[in-house]
Amino acid sequence: NAGVTQTPKFQVLKTGQSMTLQCAQDMNHEYMSWYRQDPGMGLRLIHYSVGAGITDQGEVPNGYNVSRSTTEDFPLRLLSAAPSQTSVYFCASSRQGAGYEQYFGPGTRLTVT
Amino acid sequence: GQNIDQPTEMTATEGAIVQINCTYQTSGFNGLFWYQQHAGEAPTFLSYNVLDGLEEKGRFSSFLSRSKGYSYLLLKELQMKDSASYLCAVTGNNRLAFGKGNQVVVIP
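In order, the protein sequence lines correspond to chains V and C. Residue 294 is where the first sequence ends in my numbering, and the numbering goes up by one at each step. Residue 120 is where the second sequence ends in my numbering, and the numbering goes up by one at each step.
Hints in this document: simulated from the structure, not taken from any laboratory. Using N, Cα and C, we set each Cβ at its ideal position, and we do this for glycine too. Any given hint might turn out to be false.
Label-pair distances were calculated between CB atoms; the ranges are [said to hold, decoys possible]:
(1) D254(V) with L86(C): 37 to 43 Å
(2) G184(V) with Q91(C): 22 to 28 Å
(3) R71(C) with T294(V): 24 to 30 Å
Cross-link-like lysine-lysine pairs, in silico, DSSO-like; alpha carbons within 30 Å at most [claimed, not checked]:
(4) K190(V) with K93(C)
(5) K195(V) with K112(C)
(6) K190(V) with K112(C)
(7) K69(C) with K93(C)
Model the full structure from these sequences, guided by the hints.
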């Protein structure tokens with residue numbers, strides 16, 4: 182099993198550009214989520230999904246969109262990048278929900294100039 | 013909403029014992045996780061407490077008191093590889109909320 186994979190590992194964007202961070206898991210997990218991690222702020226939940234076709238907002242959803250058309254994939258879209266979105270983004274999955282062990286991807290380091 | 017508080021940094025000597033505390037205030041509590049995160053890497057699971065009491069797993073133990081909104085992670089026989097950030101996270105309403113993490117530096 183590859184576990185949770187994320188692409189790209191690094192990305193530099195200009196303000197106003199859009200892009201999609203990819204996340205995939207091969208463990209048949211129902212629950213997937215996106216976090217951002219900033220120095221001194223800890224991990225903050227952006228969006229999550231309890232299964233294919235179902236998504237919900239987390240703590241900091243503004244400026245991000247998600248969709249979950251398959252169990253395996255949970256892409257995160259930045260609509261119009263801003264310097265405040267410079268961060269490390271982690272995708273995670275678990276068997277059934279937030280109360281199960283979360284398996285994290287390796288992260289995407291995004292810089293917006 | 014959720015409020016999770018952890019001290020930011022501590023230094024300890026190889027072979028020693030260190031206790032990392034976490035206090036929380038949350039609506040809809042289901043359980044509390046501890047994760048370990050080495051610099052530049054993803055978090056990895058250490059423990060999950062749902063009921064009050066102590067859970068022991070090798071050199072790591074985690075304690076929970078739901079009435080006090082308090083947990084601690086105990087690391088015994090510290091090794092250099094234990095130098096990492098330790099994240100406390102509470103789960104409720106199908107969401108996970110993390111504290112800011114506690115950086116543990118192990119010195120020889």
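Given pair status - K112(C), K190(V), alpha carbons within 30 Å: It holds: about 23 Å lies between the C-alpha atoms, which stays within 30 Å.
CB-CB spacing for L86(C) and D254(V) relative to the 37 to 43 Å hint: 39 Å, holds
Given pair status - K93(C), K190(V), alpha carbons within 30 Å: Answer holds: K190(V) to K93(C) is near 24 Å, not above 30 Å.
Restraint status (C-alpha distance of K69(C) to K93(C) at most 30 Å): Roughly 17 Å between the alpha carbons, so the hint for K69(C) and K93(C) holds.
Distance restraint evaluation - G184(V), Q91(C), Cβ atoms, bounds 22 to 28 Å: 25 Å, holds
24 to 30 Å as the expected CB spacing between T294(V) and R71(C), which holds or is violated: 44 Å, violated
30 Å limit on alpha-carbon distance, applied to hinted pair K195(V) and K112(C): 28 Å, holds
In summary, the one numbered hint that this structure violates is 3.
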